[in-house]
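Chains Y and Z, in that order, are what the protein sequence lines are. Take the first sequence: its position 79, counted from the start at 1, is 79 in my numbering, and no numbers get skipped. Each number in my numbering corresponds to the 1-based position in the second sequence with 218 added.
Wrong hints could be hidden among the right ones.
[What the hints assert, rightly or not] Below, computed lysine to aspartate or glutamate pairings styled on EDC-like, alpha-carbon distance capped at 20 Å:
id: 1; chain 1: Z; residue 1: K220; chain 2: Y; residue 2: D92
id: 2; chain 1: Y; residue 1: K124; chain 2: Z; residue 2: D346
id: 3; chain 1: Y; residue 1: K24; chain 2: Y; residue 2: D61
id: 4; chain 1: Y; residue 1: K24; chain 2: Y; residue 2: E160
id: 5; chain 1: Z; residue 1: K342; chain 2: Y; residue 2: D128
id: 6; chain 1: Z; residue 1: K342; chain 2: Y; residue 2: D139
id: 7; chain 1: Y; residue 1: K124; chain 2: Y; residue 2: D61
id: 8; chain 1: Y; residue 1: K2; chain 2: Z; residue 2: D310
Simulated from the structure, these hints should not be mistaken for laboratory data.
2 protein chains.
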Amino acid sequence: MKYTLYNYWRSSSSWRVRIALEHKRLAYTYVGVPLLEGAQRRDDYAAMNPMRQVPTLVVTDDGGAQHELAQSLAIIEYLDETHPTPPLLPRDPIARARVRQLAEIVNSGIQPHQNTGTLAALAKLGQDGPAWARAFITDGLAAMEAIARRTAGRFLVGDELSIADVCLIPQLFGARRFGADLTNVPTLLRVEEACNALEAFRRAHADVQPDAAAPQQS
Amino acid sequence: MKYTLYNYWRSSSSWRVRIALEHKRLAYTYVGVPLLEGAQRRDDYAAMNPMRQVPTLVVTDDGGAQHELAQSLAIIEYLDETHPTPPLLPRDPIARARVRQLAEIVNSGIQPHQNTGTLAALAKLGQDGPAWARAFITDGLAAMEAIARRTAGRFLVGDELSIADVCLIPQLFGARRFGADLTNVPTLLRVEEACNALEAFRRAHADVQPDAAAPQQS
């Protein structure tokens with residue numbers, strides 16, 4: 001199998017897939033898709049990803065056939081099923097459901113309200129995009145904190161890294177970018193520290209990707 | 219195991235879980251949560267579901283312990299793992315990824331932009347909620363149609379029912395409710411017909427739930 005990841009340094013859904021690839025120690029080719037130039041809307045990209053979003057993971061199998069996969073959680077579940085060690089889901093069904101619940105709070109509860117397409121649509125209406133994003137981020141992280149207080153060990157669900165943690169870290173980056181208040185989510189911040197100590201998270205971080213803007217431009 | 223589903227007749231994410239329960243032939247207790255009265259924001263409900271959304275599935279195990287699960291796809295994956303027959307995911311890893319990709323186009327790409335909380339937030343800003351929802355529905359369904367033209371058999375991915383179909387049917391109901399144009403998604407409409415012929419989909423339909431409004435009120 002060969003992997004090519006079409007993605008964008010600061011995109012949180014791209015970042016999740018990078019963490020999963022690094023955690024599984026899977027080599028991949030990085031292709032930057034410059035969202036601010038609208039590259040995701042070009043026909044050649046849309047043919048791979050009809051939602052015109054990042055990321056897209058192109059999987060080339062040993063026979064040379066190519067499969068273009070999109071939607072970050074679908075990609076991560078695929079990677080976890082095809083490379084189960086080290087795992088990104090616990091074994092117990094209730095614990096697995098809790099991991100996916102937390103992941104979906106980010107994936108469907110927060111991120112759709114702060115992504116490039118939504119911010120562009122708000123701008124067209126003359127609305128304050130960052131304020132819109134901040135409200136959903138604040139509510140979503142508060143819900144995650146309430147759950148994590150009961151489920152967290154070293155990571156969000158117990159002591160093993162999971163897809164929930166993979167979603168949390170890029171979301172906290174987004175929270176700071178949009179100016180959300182993080183004083184009421186100490187459990188999430190403690191888990192963030194544990195994640196940041198891991199090599200996979202350092203290698204997947206937005207700021208170290210080849211298409212990352214210099215600090216003053218971001 | 220005993221199941222209690224806190225949900226709302228017209229909520230598309232509630233409806234998905236109902237289809238999954240019916241497909242697996244699992245009996246459950248139906249508890250209506252009147253969203254228009256704000257019942258999902260009450261403290262007793264928020265203690266079960268800190269996102270203050272429907273659905274919540276309360277699983278009572280044989281020892282009497284209760285587990286409150288939320289986020290529709292997390293719940294459906296849990297039901298599929300604990301009751302694998304009849305399945306809601308294919309066996310092939312690429313096909314599973316395709317099913318989850320299609321499900322996430324609905325779950326994170328469309329539905330967050332049309333749900334009760336988002337429409338309320340738009341109304342506060344004096345914005346046209348149905349127009350906002352319609353734009354995301356139109357783009358998302360077009361992307362699903364493009365994928366389905368390559369993957370669909372009787373259902374969205376091949377000839378077996380999957381989580382992708384479970385997400386499609388309530389989303390098409392939402393599309394009509396918000397006045398989206400469906401002339402360019404013939405593959406989706408053909409799959410809808412195949413789903414509507416199934417007993418599970420008839421039993422899970424919004425209009426036949428105990429809390430459904432009379433037609434003139436909906």
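Here is what the structure says about each hint:
For the suggested pair Z/K220 and Y/D92, the alpha carbons sit about 18 Å apart, so the restraint of at most 20 Å is met. Annotation: proposed proximity of Y/K124 to Z/D346 holds, straight-line Cα distance about 13 Å (limit 20 Å). Restraint check for Y/K24 and Y/D61: satisfied, since their Cα atoms lie roughly 17 Å apart, inside the 20 Å limit. The suggested pairing of Y/K24 with Y/E160 holds, with an alpha-carbon distance near 14 Å, which does not exceed 20 Å.
Distance hint between Z/K342 and Y/D128 is fulfilled; the C-alpha atoms sit about 13 Å from each other, no more than 20 Å. Annotation: proposed proximity of Z/K342 to Y/D139 holds, straight-line Cα distance about 17 Å (limit 20 Å). A distance of roughly 42 Å separates the Cα atoms of Y/K124 and Y/D61; the hinted pair therefore is violated under the 20 Å criterion. Distance restraint check for Y/K2 and Z/D310: the Cα-Cα separation of roughly 18 Å lies within the 20 Å cut-off, and the hinted pair is therefore satisfied.
Checked against the numbered hints above, the structure breaks only hint 7 and satisfies the rest.
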